[in-house]
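Peer 1: Single-letter residue listing:
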Amino acid sequence: MTSGLAALSAAAIRARVAQREVSAEEVVRAHLDRIAALDPQLDAFLALGPERALERARRLDSALSSGEPAPALAGVPIAVKDILHVSGFTTTCGSRLLADYRPHFEAEAVTRLEAAGAIVLGKTNMDEFAMGSSTEHSAFKTTRNPWQRDRVPGGSSGGSAAAVAARMVPLALGTDTGGSIRQPAALCGISGLKPTWGRASRSGIVAFASSLDQVGPLARSALDLAVAAAVLCGHDPRDATSSPRPVPDFALTLARGAEGVRLGVPRRFVAEGVESETLARFDEALRSLQAAGATIVDVELPHLGHAIAAYYLVATAEASSNLARFDGVRYGARTEDARDLSRLYGETRGQGFGPEVKRRILLGTFALSSGYYDAYYLRAQKVRTLIRRDFEQAFATCDAIATPTTPAPAFRLGEKTDDPLQMYLADIFTVPANLAGLPALSLPCGLASGLPVGLQLVGRPFDEETLLRAGAGFQKATSHHELAPPV
Amino acid sequence: MPRITEDSIDTVARLARLSLSPDERTRFARELEAIVAWADSLQALDTEDVPPLRLEAGSDALREDTPRQGLPREQALDQAPDHAEGLFRVPRILP
Numbered sequence: 280m281t282s283g284l285a286a287l288s289a290a291a292i293r294a295r296v297a298q299r300e301v302s303a304e305e306v307v308r309a310h311l312d313r314i315a316a317l318d319p320q321l322d323a324f325l326a327l328g329p330e331r332a333l334e335r336a337r338r339l340d341s342a343l344s345s346g347e348p349a350p351a352l353a354g355v356p357i358a359v360k361d362i363l364h365v366s367g368f369t370t371t372c373g374s375r376l377l378a379d380y381r382p383h384f385e386a387e388a389v390t391r392l393e394a395a396g397a398i399v400l401g402k403t404n405m406d407e408f409a410m411g412s413s414t415e416h417s418a419f420k421t422t423r424n425p426w427q428r429d430r431v432p433g434g435s436s437g438g439s440a441a442a443v444a445a446r447m448v449p450l451a452l453g454t455d456t457g458g459s460i461r462q463p464a465a466l467c468g469i470s471g472l473k474p475t476w477g478r479a480s481r482s483g484i485v486a487f488a489s490s491l492d493q494v495g496p497l498a499r500s501a502l503d504l505a506v507a508a509a510v511l512c513g514h515d516p517r518d519a520t521s522s523p524r525p526v527p528d529f530a531l532t533l534a535r536g537a538e539g540v541r542l543g544v545p546r547r548f549v550a551e552g553v554e555s556e557t558l559a560r561f562d563e564a565l566r567s568l569q570a571a572g573a574t575i576v577d578v579e580l581p582h583l584g585h586a587i588a589a590y591y592l593v594a595t596a597e598a599s600s601n602l603a604r605f606d607g608v609r610y611g612a613r614t615e616d617a618r619d620l621s622r623l624y625g626e627t628r629g630q631g632f633g634p635e636v637k638r639r640i641l642l643g644t645f646a647l648s649s650g651y652y653d654a655y656y657l658r659a660q661k662v663r664t665l666i667r668r669d670f671e672q673a674f675a676t677c678d679a680i681a682t683p684t685t686p687a688p689a690f691r692l693g694e695k696t697d698d699p700l701q702m703y704l705a706d707i708f709t710v711p712a713n714l715a716g717l718p719a720l721s722l723p724c725g726l727a728s729g730l731p732v733g734l735q736l737v738g739r740p741f742d743e744e745t746l747l748r749a750g751a752g753f754q755k756a757t758s759h760h761e762l763a764p765p766v
Numbered sequence: 387m388p389r390i391t392e393d394s395i396d397t398v399a400r401l402a403r404l405s406l407s408p409d410e411r412t413r414f415a416r417e418l419e420a421i422v423a424w425a426d427s428l429q430a431l432d433t434e435d436v437p438p439l440r441l442e443a444g445s446d447a448l449r450e451d452t453p454r455q456g457l458p459r460e461q462a463l464d465q466a467p468d469h470a471e472g473l474f475r476v477p478r479i480l481p
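Top line first, the protein sequences correspond to chains A and B. Residue 280 is where the first sequence starts when you use my numbering, and the numbers rise one by one after that. Residue 387 is where the second sequence starts when you use my numbering, and the numbers rise one by one after that.
Keep in mind that the hints were calculated from the coordinates and are not lab data. Don't take every hint at face value.
Stated by the list, open to error - Derived DMTMM-like pairs: lysine to aspartate or glutamate, alpha-carbon spacing no greater than 25 Å straight-line:
#: 1; chain 1: A; residue 1: K420; chain 2: A; residue 2: D697
#: 2; chain 1: A; residue 1: K420; chain 2: B; residue 2: D435
#: 3; chain 1: A; residue 1: K695; chain 2: A; residue 2: E579
#: 4; chain 1: A; residue 1: K695; chain 2: A; residue 2: E635
#: 5; chain 1: A; residue 1: K695; chain 2: B; residue 2: D432
#: 6; chain 1: A; residue 1: K695; chain 2: B; residue 2: E417
#: 7; chain 1: A; residue 1: K695; chain 2: B; residue 2: D409
#: 8; chain 1: A; residue 1: K661; chain 2: A; residue 2: E579
#: 9; chain 1: A; residue 1: K755; chain 2: A; residue 2: E635
#: 10; chain 1: A; residue 1: K661; chain 2: B; residue 2: D393
#: 11; chain 1: A; residue 1: K661; chain 2: B; residue 2: D409
#: 12; chain 1: A; residue 1: K661; chain 2: B; residue 2: E442
#: 13; chain 1: A; residue 1: K420; chain 2: A; residue 2: E626
#: 14; chain 1: A; residue 1: K420; chain 2: A; residue 2: E556
#: 15; chain 1: A; residue 1: K695; chain 2: A; residue 2: D429
#: 16; chain 1: A; residue 1: K695; chain 2: B; residue 2: E410
#: 17; chain 1: A; residue 1: K695; chain 2: B; residue 2: E434
#: 18; chain 1: A; residue 1: K661; chain 2: B; residue 2: E419
#: 19; chain 1: A; residue 1: K420; chain 2: A; residue 2: D653
#: 20; chain 1: A; residue 1: K661; chain 2: B; residue 2: D426
#: 21; chain 1: A; residue 1: K420; chain 2: A; residue 2: D379
#: 22; chain 1: A; residue 1: K661; chain 2: B; residue 2: D432
#: 23; chain 1: A; residue 1: K420; chain 2: A; residue 2: D312
#: 24; chain 1: A; residue 1: K695; chain 2: B; residue 2: E392
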């Protein structure tokens, strides 16, 4: 059951707060109440900050009372994946090793959203260090899919997706290295955007695989994603990889909808291994988009079959390097009784990391090791070039590529934890955008066996605008994004 | 020929500074060998004249080289499991 303020979109909340029809404090209280009622069943949150949130809400209310203009996200409650630093909160990354870690600075993405009037209610659960597709690799709790509680919410941003789907917040931040925004968005029936690599600052976000990582919003409509993305994107001097390209006011461009957008469908690639009901929802979505003015063309992306292999070599290699910093010396937990420094490193990491993180560190270390570097890591980086070229050729005849976001709806808790390769293979549609550095959007496109599935659109570099406007057109013509889970 | 065995996983684990239990050693050797064998599909591609991917870097322009306050020493130390006299403290370095 959803009612009242917690059912509203981010844009609707902002409009009411700006009109002073409702105070930011009332909005925050309504969402905190809903979290208190629902989160014990769903376990989306790792930490809540009600006092911090109410204090910020009251400060915003008094600023609005004194006549200050309402910013773009005035009074919008948000949830933040526990890999981004937020002032006043620990950053655990879902890991025992960082259970008590308190950052010294805040993520630029969070600072930007809060400067625009958004209010952080809490930090959400995730697969440890963002490594996983189910949020089952969190060291702390198991988040449940609000549609069926014996199913995974997807991952690694599973807590953020579950929180938005269950109307505990209208907007959340996630990160996406191989699909970690889009896949949980799809499995929880909400919308999620991974911007172009370099489009938004990653300062204050714990790094997993630096050439693939990106931060982005999860929400219940393309419009809310557009409002959040316009705030998030843009250059930050603290992240040298963030682009100085100008950022459009995405929300203003949505009115054109899907009209005239050419969508490329890699039919042969999609036909392989997609569960039949998911494929049926995908084909219906394409017909809705056509009816809304888009045209569909066939495209070939011949190297996509190699994407998973390239992804798991590059991502793990970069992770093995990025996670070398967790050594039990400067921060994080430490194994107390190690006899010497070398054992201190090994035992701290051996006891602090969970099995999926260890598996990936080992794989990445292997891919970078002497004698194997050329055959695995370097070759995988070359395959990324082949995949990027496939997309460039496809974009000669289309404006975005459409595929299902995942081959099937949410699987059962525990179903894939014993078979890492099976878990990896389900990332087939999401990893290509990360490998090629492209923006990608997932939109809910209906139910398969009572569970949500997603439509994915992948765009040209820095062309989030086309994806969002096609998404808004799709959501104007359909009502899949308005379906709420039975919680 | 398998590349990852229970013997060679010890070398990889040592490089990664990761101590493994006997069970983990057996399990990871088996799982990683399966993953690597599967990833060998990449070997069939001709990548002879293909450069590794370079994504558009953010800002090529150099910034001004102006001195700034770094992280104060007490903050740098306040998350450390052990510190003394303004320094990180670790166990003996030689085995």
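Peer 1: Hint by hint, say whether it matches the structure.
Peer 2: Hint check results:
Pair hint K420(A) plus D697(A) holds up; C-alpha atoms about 18 Å apart against a cutoff of 25 Å. Between K420(A) and D435(B) the CA atoms are separated by roughly 47 Å; this puts the pair beyond 25 Å, and the hint is violated. At most 25 Å may separate the alpha-carbon atoms for a hinted pair to count; K695(A) and E579(A) exceed this at roughly 31 Å. Simply put, K695(A) and E635(A) have alpha-carbon atoms about 12 Å apart, close enough for the 25 Å limit, and the pair holds.
Taken as a hint, the K695(A) and D432(B) pair is broken in the structure, with Cα atoms around 33 Å apart against an allowance of 25 Å. Distance restraint check for K695(A) and E417(B): the Cα-Cα separation of roughly 14 Å lies within the 25 Å cut-off, and the hinted pair is therefore satisfied. With a C-alpha separation of about 20 Å, the suggested pairing of K695(A) with D409(B) holds against the 25 Å cut-off. For the hint pairing K661(A) with E579(A), the CA-to-CA distance comes to about 19 Å; that is within 25 Å, so the pair holds.
Of the pairs offered as hints, the one joining K755(A) and E635(A) is violated, with about 40 Å between alpha carbons and a cut-off of 25 Å exceeded. Between K661(A) and D393(B) the CA atoms are separated by roughly 30 Å; this puts the pair beyond 25 Å, and the hint is violated. Of the pairs offered as hints, the one joining K661(A) and D409(B) is violated, with about 35 Å between alpha carbons and a cut-off of 25 Å exceeded. With a CA separation close to 16 Å, the supplied pair K661(A) and E442(B) stays within the 25 Å bound.
Only pairs whose Cα atoms come within 25 Å are accepted, and K420(A) paired with E626(A) is accepted, the gap being roughly 24 Å. Restraint check for K420(A) and E556(A): the C-alpha separation of about 31 Å exceeds 25 Å, so the hint is violated. A threshold of 25 Å between alpha carbons decides the hint, and for K695(A) with D429(A) the separation of about 13 Å falls inside it, so the pair holds. With a CA separation close to 18 Å, the supplied pair K695(A) and E410(B) stays within the 25 Å bound.
At most 25 Å may separate the alpha-carbon atoms for a hinted pair to count; K695(A) and E434(B) exceed this at roughly 37 Å. Note on K661(A) and E419(B): the hinted pairing holds, with a Cα-Cα distance of about 22 Å set against a maximum of 25 Å. Straight-line distance between C-alpha atoms of K420(A) and D653(A) comes to about 39 Å, which puts the hinted pair past the 25 Å bound. A distance of roughly 14 Å separates the Cα atoms of K661(A) and D426(B); the hinted pair therefore holds under the 25 Å criterion.
At roughly 16 Å between alpha-carbon atoms, K420(A) and D379(A) fall within 25 Å of each other, so this suggested pair holds. The hinted pair formed by K661(A) and D432(B) meets the criterion: a straight-line CA distance of about 10 Å does not exceed 25 Å. Between the alpha carbons of K420(A) and D312(A) the distance comes to roughly 21 Å, so the proposed pair stays at or under 25 Å and holds. With a C-alpha separation of about 24 Å, the suggested pairing of K695(A) with E392(B) holds against the 25 Å cut-off.
Checked against the numbered hints above, the structure breaks hints 2, 3, 5, 9, 10, 11, 14, 17 and 19 and satisfies the rest.
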